[in-house]
Amino acid sequence: MGNKEKLQQLYEKVLVDYVKEQTERGEHKAQLLSKKILKNGISPEELSEWQKNVLKKMYPDIPEEFFKTFDFFSKIIKSYGIVLAEMDKLRLMQQQMNSEIEVAANVQSLLLKYTIPEMDGLEIGAVSIPAKKVSGDYFHFVPYDNGSLGIGIADVMGKGLPAALCISMIKGTIDQMSKSETIPNQLLAKLNKTVEENVDVNMFVSMLYGLYESGSNRFLYSSAGHEPALYYSAQSRSFEEMKTKGLLLGVNSYSEYPLYEKYVGIDDVLIFVTDGVTESKIDGEFVEKEFLLEEFRKNIHLHPQDLVMKVCRHLLKLQHFKLRDDFTLIVLKRVS
1320 MGNKEKLQQL YEKVLVDYVK EQTERGEHKA QLLSKKILKN GISPEELSEW
1370 QKNVLKKMYP DIPEEFFKTF DFFSKIIKSY GIVLAEMDKL RLMQQQMNSE
1420 IEVAANVQSL LLKYTIPEMD GLEIGAVSIP AKKVSGDYFH FVPYDNGSLG
1470 IGIADVMGKG LPAALCISMI KGTIDQMSKS ETIPNQLLAK LNKTVEENVD
1520 VNMFVSMLYG LYESGSNRFL YSSAGHEPAL YYSAQSRSFE EMKTKGLLLG
1570 VNSYSEYPLY EKYVGIDDVL IFVTDGVTES KIDGEFVEKE FLLEEFRKNI
1620 HLHPQDLVMK VCRHLLKLQH FKLRDDFTLI VLKRVS
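In terms of the numbering used here, the sequence shown opens at residue 1320 and continues consecutively.
No lab work stands behind these hints: they were computed from the structure.
Hints may contain errors.
Said to hold, decoys possible - Think about it this way: if two alpha-carbon atoms lie no more than 27 Å apart in a straight line, the pair counts; the simulated DSS-like pairs of lysine-lysine are:
1) K1394 x K1354
2) K1371 x K1394
3) K1641 x K1600
4) K1498 x K1512
5) K1509 x K1498
6) K1323 x K1375
7) K1348 x K1371
8) K1354 x K1332
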């Protein structure tokens, strides 16, 4: 007698005993039996046949039509079992994906770990919060020996692991390029070729790169389709949008990027953002430009790090602490 026949006999005995006793002990036996049934791969159809055979022995006068309900029930259970198995498979895949994303997030946090440089004559603040576990935003500081400072801020058009991998590639490339290339438009042109050659054709990157020259107090900058920076004049107490032209990185390997410059006076402020800031939503509506400017204006007297944190906390609170996109905000202030 094979295992299946023995298991069928055990099923009959447990069922008969349970019908007679209906005790907790009988329920416990049924639980143990169900584990054996699953372990031996007994199908719903086979289990239905076992049930029919036992009932025929116990109640021989039951009409044959009654047993047709078992055939119907067996088909339902079979379909249910297939769907359940698919759901279990999807659940396992989701768990594996979540585990991989967790690892990627930890690796990314190490790769993108930053230190805000201390520069003579400048105060700097920065905050970057991913909407999910991994971020598609990136920012970069390059302090030079002559007192100048390179600043880059980028946003990958996408989310998840592909965006995180793209950001890691950009970081590595800029780390190397910025050692020898300081002029923003030339750096963006070279970076654009690297992105176009190495990143998926459907993935693009916006970026603004600038160089603050400490000797002349000029800010040289170029943009690859990125959110415009804001310039605050302490003298006029007004904001100006630093509009630029330039295609996104990765669109055309021969793209050229115009170079712009802005004189930065004492107590003037430069503000850099990604669209997670400008496209914040409050009660389902995008924030107005004037709303953001007012947030910056009423906190402009603060140290840049206090400013970015206060604005960030306020916008997070208004969005019920649920970001719809990665949020990056950088503020640079000339103090002498």
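Hints and how they fare:
1. K1394 x K1354: 21 Å, holds
2. K1371 x K1394: 15 Å, holds
3. K1641 x K1600: Judged against 27 Å, a Cα distance of about 10 Å means the pair holds.
4. K1498 x K1512: 18 Å, holds
5. K1509 x K1498: 13 Å, holds
6. K1323 x K1375: At roughly 20 Å apart (the allowed maximum being 27 Å), K1375 and K1323 satisfy the hint.
7. K1348 x K1371: Holds. K1348 to K1371 sits at ~20 Å (cutoff 27 Å).
8. K1354 x K1332: With a Cα-Cα distance of about 16 Å, the restraint between K1354 and K1332 holds, given a limit of 27 Å.
Taken one by one, the earlier hints all hold for this structure without exception.
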